[in-house]
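Under the working numbering, the first residue of the sequence shown is numbered 268, with each subsequent residue one higher.
The hints are simulated quantities; they were obtained by calculation from the structure and are not laboratory data.
Just to be clear, a hint being listed does not mean it is correct.
[As the list claims (entries may be wrong)] Computed spacing ranges between beta-carbons, pair by pair:
{"#": "1", "residue 1": "A401", "residue 2": "A381", "range": "14 to 20 Å"}
{"#": "2", "residue 1": "R276", "residue 2": "T366", "range": "29 to 35 Å"}
{"#": "3", "residue 1": "P279", "residue 2": "Q393", "range": "28 to 34 Å"}
{"#": "4", "residue 1": "P331", "residue 2": "D385", "range": "16 to 22 Å"}
{"#": "5", "residue 1": "T321", "residue 2": "R276", "range": "20 to 26 Å"}
A virtual CB, placed ideally from N, CA and C, is assigned to each residue, including glycine.
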Amino acid sequence: MLELMALLRADPDDQGLRTAALLRRSRPFDKELQIAGLVHRLGHLLRLSDGTVTVGVAAESIRPLLGERVARLVRLQSPDRAAVTDDGHRDGDGDGDDTEAVATLRQARDSAGAAGLDAGVLEDWQPLLELVAAGSCRTAASGNALDPLGPPKGPRGSSGRSGPNGAR
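The task is simple: from the sequences and hints, build the whole structure.
Below you can see the structure in the form of structure tokens.
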């Protein structure tokens, strides 16, 4: 995690930080999408020895730490892929349920260059990075990371029971 934080600090214009801040405001419950926004510029920061920039290398580099969904979102948000996926057809990468998330990530990425956007500091994102990393091994049916403490205990919604053991 420390290496990732150090690499993210190398983003000269904090575009990843600003993208994540926009996603936090527009999609507050999708933590993996926010993290994908934070790390989406890793392809630019991880230049290959020949100087080329590749989103695929960035996506594969974060997959073990942040999970399949974050890696897929980073890969699919690439401007090079926009022509393939914006037409509403699946491109064979299994993006299915993430089509809207990818579009939201692209919109936030493109809007992040706005002057005056207060994105906070990178250290504010470390707890969320750690949360997503902890949950990347265990995913819910929806593909979103679970809370590291596990699912909530007890009845959900209003089942008519008011006490912890159903006592009224």
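The hints, checked one at a time:
Separation of A401 from A381 is about 32 Å and departs from the stated range, judged on CB atoms against 14 to 20 Å. Checked against the hint of 29 to 35 Å, the C-beta distance between R276 and T366 comes to roughly 32 Å, which is consistent with it. Restraint check, P279 to Q393: a C-beta distance of roughly 20 Å breaks the suggested window 28 to 34 Å. For P331 paired with D385, a C-beta distance near 32 Å fails the hint of 16 to 22 Å.
Distance hint check: the CB atoms of T321 and R276 are about 21 Å apart, consistent with the given range 20 to 26 Å.
Checked against the numbered hints listed earlier, the structure breaks hints 1, 3, 4; every other hint is satisfied.
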